[in-house]
Every structure is written in C-alpha cells, then in structure tokens.
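K.L.:
Chains A and B supply the protein sequences, listed in that same order.
Our numbering puts the first sequence at residues 1 to 249.
Our numbering puts the second sequence at residues 250 to 498.
What the hints contain is simulated information worked out from the structure, not anything from laboratory work.
Errors might be hidden in some of the hints.
Claimed, not checked - Calculated pairs, DSBU-like style, for lysine-lysine (alpha carbon to alpha carbon, straight line, at most 30 Å):
id	chain 1	residue 1	chain 2	residue 2
1	B	426	A	106
2	A	23	B	372
3	A	36	A	2
Stated by the list, open to error - Every beta carbon over 10 Å from chain A, so not counted as near; a handful from chain B, in silico:
id	residue
4	280
5	325
6	373
7	422
8	487
Cβ atoms here follow ideal geometry from the backbone N, Cα and C, with glycine treated the same way.
There are 2 protein chains.
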Amino acid sequence: MKVVLKITYDGTNFSGWQKQPGKRTIQKEIENAIEKVVGHPVEIFASGRTDAGVHALCQVAHFETEAKINLRTLAASINAFLPEDIRILSCAEVEENFDARFSCKKKTYIYKFYACRFELPLKLGRELRVNDYVDVSKMQEALKYLIGKHDFKSFVARKSGKTDFTREIYEAKINKKSDFEYEFEITGNGFLYNMVRIIFGTLLLIGYGKWPVSRFKEIIDGQKRELSGRTMPAYALYLKNVDYLGEID
Amino acid sequence: MKVVLKITYDGTNFSGWQKQPGKRTIQKEIENAIEKVVGHPVEIFASGRTDAGVHALCQVAHFETEAKINLRTLAASINAFLPEDIRILSCAEVEENFDARFSCKKKTYIYKFYACRFELPLKLGRELRVNDYVDVSKMQEALKYLIGKHDFKSFVARKSGKTDFTREIYEAKINKKSDFEYEFEITGNGFLYNMVRIIFGTLLLIGYGKWPVSRFKEIIDGQKRELSGRTMPAYALYLKNVDYLGEID
C-alpha cells in the first residue's frame, strides 16, 4: 500500500529535508518514526527537498508498506515517535502510480518579512526584518516579470548540480498582513536550489531603490547568478503548499 | 524630562515585568540598559505588569531623567544594551503629569489559539492548541456578557492582593485569522491578575460544549473563582496595545 503524508515542520534545528550521514534531517526523523509504527524500515519521498533552516506549513511525502496499518490513527501513531518540531498532519492511501515528487503539479512558498527599524523579538528566527524605507509597491511591480516560463539560471545557487533551469511561475505576489508585515508568495511548477531566497534578495534591492524595477527583467534575461541579489536567510522561508491533480486526503 | 517608551518583548524567558530579586525581569533589563545610556539609575513605570511568560506587542512605560538625551536616537541607544528578547519601539517626551499606569485609558490583550488535532511545531510557545471540535461561534456568543462594567471576582487568581474587582470591558471578540487560527481580543480599562487567561479557560469550556453559553453570565454574576474555568497558559497571551488620551509618539 502506498501512503501519502502531509507534514509540517520547524526547520530551524534541521540540516534540511534530505538524509545525510551524521546530520539531523527531517527525512531521517520521519523514517525512524514510521519504522517504529509499521515494524520495518521505510524510505520516504518528498515533493522536493527543503534546505537547512527552511520550514514547511505543508510538505507532502509518500512511502510504501505491506504492514497492516490503521489509516485513521496512523498520523497520531507516527507523531508519538516524532520530535516536537515535526508533525504529520494527515495520512491517506494513494494509487500505486502516485509519486510525491513526480506527480506534483505546483508548489507554493512564502517568504515572511516586516519593515521596521529594529529586530522584533517575537519574529526572531521566523521572519526577516527589512529597512523601514522599503518600497513594497516597487517589489510588487517587479513580480510581473517572473510570471511564465523562464530560464532561472540567475536565481540558482552556484553549487546546484542541475543543468535545466527552466521553471514556470504561475503566480507571484506580496500579501500585506498589516501596515508593516508582509509575505512574498510564489507558486510554480518547481523551484531551483535557493531560488526563492535569491529572488527575494533581488526584489529587496529594488524595494530599497538601489535598482530600477526594469532591472529585474534584465536579470532574468541575463541568466547569470552574478547579476542577481544575495541569498536571503532560510529562517523566513516556508513551503506553504504542494498541489497534485485532485485531493490527496 | 519625562520620557515615554513603547516596548515589545518575548515574555518566554522572563519572570514577568516586575523587578524581583534574583529573577530575570523585563523591568530590570530595561532599567539597566537605560542607566547605561543616561548615566544614572532610573526607575521605569509600565502601564501594568505582565505575568511570567506573557508577551507584549506594545507595552508602554515612562521614566524621568535630567540627562541631556537625543530623543531621535534614544531607542536605538537603549536597544544596543538590551537582550534580543526586548526591543524599544519608540521614545517620546511627555508632559510631567503623564503616568504610564494612571493616565492609561484602555488596554487590549489578545490570546492566540488554533484548532487542530496536533500541536503545530511552528506555533509552539506562541499559540494555544485547542481541540478541533471546538465551536468558536459559541465562544463568540458568550462574549456579549463580558461587555460593560462588572465585578470580575470570578476571573481573578486567588493570590491576587486586590480588593476592588470592578473593571469595564469595552470590546471582546474572536478574530478569525484562517480556517483554523483565531485570536481572542479583549479591550478594557484594566485587567486583574490572570483575568484574560481565566476568561479564556472558561470560554473554551463553552466552545467544547461542556457548558451552555448562558453559564458564562452565571459565572460573572456568581463572583467566585471556583465557578470559572482554569487559567490557560501564559505563552499565548499578548499585550497588544495601551491607549492614552492623545497620541504618545
């Protein structure tokens, strides 16, 4: 039987999703917990890795088991063996041809930020402080250049092993949460290594007035990492949602 | 010169606002930081104490100094000597007759909660999890009984040294932040020790259907602590705002 999981985690104290020897990772913690429940080792496959420090409001992953399991109580059973910074939100059975990575239609990330002179204690490690003279409307304006299919080589970490940098962005917007709090929200068919964090670092230079809005298009078209801004910190980035054809729970 | 401060803090690692020998308190940390800036010991007076673990989005306090200070840079100067869980948001000069406690017209608290089967990692220590069968509309309905002037003896911790339990509540509502996230927001001329946390503990029993909505009025009228629900945890409570006649910055 193939089981799909919806998962949330606080990425702060993990070396990212993917298993690595000697590192505390989300994948390894969940595999250990599931093994205790189903009685045999499992491998879980996520919609995609998240980097060290990145959070998930809702990540999706699947695994296979021949064990007799009670789907109604499975999430609670796995949670009982998980550390408090990971929680399984739900479990469901899926068709054999479902794959959390390859069946994924789109993903949404949010990057949380606030404009303030000072670092706010209640936002430490959760949201990025930006200078209060930021012009968010300019950042919003630049987002139009992201929509559609592009080669995003300007927005990928140099150490990425990928060779195909084409991704399609369906939606990109800045949600105003209050008069100083914002979320940059972006939905696409996939994201490159550090892509959202580099896009945000570039947008911020436009928001600060260091670069004109039109520069954003030139950076996309230029397809060189050295054209774009710096990689912003992981702690303000959240995988918000992963979409498939149809509901998975 | 009398100076008023707007202050935000993460209450998690403090034994509350008020100075106590051998305890880490918000008042003491701020007094120490101001002393380093103005060059003499000061005493600061807040709109009211907050208990151990309670946060402030915006607390207000005042102090007096004869030192020559630059009001424009004062907040940044004090912040330089503060731990990262306290930040001064702004400073302003006020009239000699201003008093952060006695000039206060109203205060607003919020209590953050979410309805979910599991504790969410990203909300630990910040928001209270409640069972997902909670009926928030019943909680909302009960709030009408809070509005106005009442003796709130049913909602005060037994160890409170107070004898006058009359307070006036101007507004009480539940803000829906998403399909499972909420804030209980309450504004009044003052609050007794543990009052908001006991009110919320009582509301929750109504939301769970253990008590009918009308019981809330009987509890207020009964004026006995043993009639109400339990004191809910401090970590989900935030002093949101303190209002005075006129703007203070």
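K.L.:
Please go over all the hints and tell whether each is borne out by the structure.
P.N.:
Each hint, compared with the structure:
With a C-alpha separation of about 25 Å, the suggested pairing of residue 426/B with residue 106/A holds against the 30 Å cut-off. The suggested pairing of residue 23/A with residue 372/B holds, with an alpha-carbon distance near 24 Å, which does not exceed 30 Å. This hinted pair checks out: residue 36/A and residue 2/A have alpha carbons roughly 17 Å apart, not beyond 30 Å. Non-interface status of residue 280/B relative to chain A is upheld: no Cβ of that chain comes within 10 Å, the nearest being about 18 Å off.
Its beta-carbon lying about 7 Å from the closest one in chain A, residue 325/B breaks the requirement of being farther than 10 Å from that chain. With a least beta-carbon separation of about 6 Å from chain A, residue 373/B fails to lie farther than 10 Å from that chain, contradicting its non-interface assignment. Every beta carbon of chain A lies more than 10 Å from that of residue 422/B, the smallest distance being close to 17 Å; the non-interface claim holds. The claim that residue 487/B is not at the interface with chain A is violated, since a C-beta of that chain comes within 10 Å of its own (minimum 8 Å).
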